[in-house]
Structures are given as C-alpha cells and as structure tokens.
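Visitor: Given the coordinates of chain A, work out where chain B should sit on it, guided by the hints.
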Amino acid sequence: MMNTQRGIEIVVGFFVLAGIVALLVLTLKWSDFGTSSVSGYTVSAQFDNIGGLTDRSPIKLAGVTIGRVSHIRIDPKTFEAVVTMVIGSQYNNLPKDSFASIYTAGLLGAQYIEISPGGDTQVLKNGDKITMTQSAVVLEKIISKFLFNKAAEK
Amino acid sequence: MNRVFIALFNGLAALGQGVLSAAAHTGQLFLFTGQLMGRLLPAWTRPKLIVQEIYAIGVLSLVIIVISGGFVGLVLGLQGYNILSKFNATESLGVMVALSLVRELGPVVTALLFAGRAGSAVTAEIALMKTTEQLSAMEMMAVDPLRRVIAPRFWGAVIAMPLLAGLFSLVGIMGGYFIGVLVLGVDSASYWGQIQQQMQPMDDVMNGVIKSLVFGAVIGLVAVFEGFNAEPTSLGISRATTRTVVLSSLLVLGLDFILTAWMFGA
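Residue numbers (the numbering used here), protein chains in the order written: chain A, 1 to 154; chain B, 1 to 266.
Just to be clear, a hint being listed does not mean it is correct.
[Stated by the list, open to error] Computed spacing ranges between beta-carbons, pair by pair:
1) A:Pro76 to B:Leu40: 24 to 32 Å
2) A:Gln5 to B:Gly185: 43 to 51 Å
3) A:Ser89 to B:Trp44: 53 to 61 Å
4) A:Asp75 to B:Trp44: 55 to 63 Å
5) A:Asp75 to B:Gln200: 28 to 36 Å
6) A:Thr84 to B:Phe87: 24 to 32 Å
7) B:Gly38 to A:Ile72: 52 to 60 Å
8) A:Pro117 to B:Gln200: 53 to 61 Å
[Unchecked claim] Selected chain B positions facing chain A (in silico; Cβ < 7 Å):
9) Leu49
10) Ile50
11) Val51
12) Ile54
13) Tyr55
14) Gly58
15) Val59
16) Val63
17) Asn88
18) Glu91
19) Val95
20) Gly166
21) Ala189
22) Gly193
23) Pro201
[Unchecked claim] Partner residues aside, some chain B positions facing chain A, computed with beta carbon under 8 Å:
24) Leu163
25) Leu164
26) Leu167
27) Val183
28) Asp187
29) Val205
No lab work stands behind these hints: they were computed from the structure. For each residue, glycine too, the CB sits at the ideal point set by N, CA and C.
Here chain A stands alone, though its shape is the one from the complex:
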C-alpha cells in the first residue's frame, strides 16, 4: 500500500466493481450454468405436443437422468415439435426401437422425457431419430374426455 487513502480508494473500487458484477450476474440469463457437464451423442424425436418441456429438461431412463434436452424447434412441414436431446456417451447401448414419452415429475414438477428401451439389437447412434413417441399429457384434455364419456353413458 502506498498510503492509506490510496489503499481505501483501491478497496472501494474493488467493492463497487464486485457489487456491479453481482447485479449483472443476477441480471444475466444464467445461460451457461449446468450445461457444460452434458457430453455425449445427439438423438432427436418428434412429438405432437411437448407440454412444458424446455431446454435442459432431463432425459431419464428408469428414473435415472442420462441426458438433457438441448434444443426444441418446430418441423415446418408436419407442425410437430422436434426435440433434440444429448444423451451421455456411457449410455450408448440403447435399442433403436426405444420409446420416448413426456411425463411430469409429480403434480407440479417440471416435465421430462422418459426413455423405455425396446428390444432391437441395433442401437441408437449420433443423429438418429426416435420414431415411437408419446406426447405430454394435457390435463384439460383428459378431464374433458372423461366428462364426455360420462355424458355419453347416460
């Protein structure tokens, strides 16, 4: 330290900078946190309706997280949602005819994709497409179906 006044000025400058950085970090969209750990191969699947699925939603196999949703877009021809997912490279023996369905964790939880393995001897590889899918369950649709059935019974 050259002298106390100079030292105080440096410390204050550091404090102001740290505070501003903290506010900026809070303002940022946290975009890169938690994604860096995902590495593996990419698979895509088409769904009629993805419900509340978002980027970084988990991909689960028997309830264990094995990957992440990396990208969601609309197929311009079929108007279906195309979900691209990254699956960890150690899970490279998933059968090609595996089934992907969207479920909700609990009543209020976030949505995720559950993979049910099929029986094919060929395995999913980078860039492959899962053809058999089940869309997110929309609660209102089920309720209205149930009500219509009830009405029809009478």
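Guide: Same frame as chain A, but now just chain B:
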C-alpha cells in the same frame, strides 16, 4: 374527585406532549432533508470524501452481509427443499431461492443489517462530532458541515446499499446451490435452468435494486439526521443511536410493503 381530574389532565398533557414532540421531530426531519438536498450535488466536488464513506459504510459492512447472505441462502435451500419435496417439485428450488432473495430478502435483510451495522455508526460519529463541538468549529471556519460531513455519508449509504444487496442475493443463491444441489441432490441443471426461465432480469432484479436504493436513502437520511439533531450529551448520543436503528428498521419494513404493493400488487 379533584384528584381524578388532575390525573386525567396529566394523562392528556402527556399524550399531547408526545404528539407535539413527534410532530416537531418530523418537521425537523423535513427541514433537514430540504437543507441536505441543496448540498447533495455540491458534495461531489470532493469525491474523495464520498469514497472514504463508501469504505466506512459499505466495505466494512461486507463481512456481515456476505456471511448473513450465505446462511440465509442455506436456510432457504433447506426449508424450500423440505416443502417442495412434498409436491415432488424440487426442480423449482433454484427459482424459489433466487426469487425470494432478489425480490424480498436481499434488499430487506441487507437494509436491516445495514441499519444496525452502518447506520448506528454514522449516527454515533456525527453525534459525537456535535457533542465535542467539531461541527460548530467547522462553521466557525466557514466550512459547511452539511456539505463536508453529512452529504458524503448520505451518498455513501445510497451507493453502498444496492451493491451490498446484490452481493447478498448472489451469495444466498450460492448457499442454496450448496445445500440443494451438493448436499441434498437436486439436479444442478434444473436449479440454474429454472432460475433462467422464471426470473425476469428487468422486473425482478431492477425492482430489487430500486428497493435497495430507497432503503439506502432512508437509512442514510435517518442516520445523519439523528446524529445531527442529537442532544449533545452522552445520553443524547446513545438515544440517537437507538432511534436510528429503530426508526430506520421500521421505515424499511413499512416502505417494503408499500413498494412491494406498488411493484407486484394488483
């Protein structure tokens, strides 16, 4: 019969005296605020004084703010996990911790700690300056104490508060991450991902910053006012310090309700 009347009138007099002195105190506060307003910008002609006060008020409060923020985050993480796991919604832990901190706990808890740590110190310092007639001595030398002593301290509080509140929230979110993700096993990507999706930078963070600016101004104003108007005795200094902490804490909590109703209310 006479005695009853006398007791009654004594009670009335005490009530009236209380109201009058409260009114006088409030009036003094407004007059003082008006005088201070005129000195706020001229105080920037000597920025080194303000830097000095940011150090005394802000940097020296860092330790208590960062430690408290960490513990508040840890507790929020634990409590939130307990509640959210009942609904199988622990993925939302991150956003719950982050929003409670950025919207409410960051500004309010920081302000309360700040009033106790820095506000009381400012009041005691100014009150002692007044008691030892340093302020009068300045006036004798044609130095304006409002500009030389009071305004820099006010600026110090206004500048330091939002920065401290931001650090508090950030450390708290880290604390929630530590307990939620590293200890209790919440999914790390969900913790950050939900924060990313649900937190609105402009609404949530800016409202937190506005709140902490307002709290900083209120605490700074109360602290310098109570110090400046303290009775020049040792008892007066102790009373002024107590009043600073009590009054600014109450004002912070009351204003927080008004600001929240204005920002997030219907």
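Visitor: For every hint, state whether the structure bears it out.
Guide: These are the hints, each one checked on the structure:
1. A:Pro76 to B:Leu40: 24 to 32 Å: violated (59 Å)
2. A:Gln5 to B:Gly185: 43 to 51 Å: holds (50 Å)
3. A:Ser89 to B:Trp44: 53 to 61 Å: holds (59 Å)
4. A:Asp75 to B:Trp44: 55 to 63 Å: holds (59 Å)
5. A:Asp75 to B:Gln200: 28 to 36 Å: holds (30 Å)
6. A:Thr84 to B:Phe87: 24 to 32 Å: With Cβ atoms ~29 Å apart, the hint holds.
7. B:Gly38 to A:Ile72: 52 to 60 Å: Because 58 Å falls inside the window, the suggested range holds.
8. A:Pro117 to B:Gln200: 53 to 61 Å: Once the Cβ atoms are compared, 40 Å apart, the range 53 to 61 Å for B:Gln200 and A:Pro117 is violated.
9. Leu49: This interface hint is violated because 11 Å lies over the 7 Å limit.
10. Ile50: Violated, because the Cβ-Cβ distance from B:Ile50 to chain A comes to roughly 9 Å (cut-off 7 Å).
11. Val51: holds (5 Å)
12. Ile54: holds (5 Å)
13. Tyr55: Hint on B:Tyr55: holds, closest Cβ of chain A at ~5 Å, below 7 Å.
14. Gly58: It holds, given that the least Cβ distance between B:Gly58 and chain A is near 6 Å, below 7 Å.
15. Val59: Holds, about 5 Å.
16. Val63: With a minimum Cβ separation of about 12 Å from chain A (threshold 7 Å), the hint on B:Val63 is violated.
17. Asn88: B:Asn88 check passes; min Cβ-Cβ to chain A is 2 Å, inside 7 Å.
18. Glu91: holds (4 Å)
19. Val95: violated (10 Å)
20. Gly166: With a closest approach of 4 Å, the B:Gly166 hint holds.
21. Ala189: holds (4 Å)
22. Gly193: holds (4 Å)
23. Pro201: Status holds, d = 4 Å.
24. Leu163: Where the cut-off is 8 Å and the nearest Cβ of chain A is about 2 Å from B:Leu163, the hint holds.
25. Leu164: Because about 7 Å separates B:Leu164 from the closest Cβ in chain A, which is inside the 8 Å limit, the hint holds.
26. Leu167: At 5 Å from the nearest chain A Cβ, B:Leu167 passes the 8 Å test, so the hint holds.
27. Val183: violated (17 Å)
28. Asp187: It holds, given that the least Cβ distance between B:Asp187 and chain A is near 6 Å, below 8 Å.
29. Val205: holds (5 Å)
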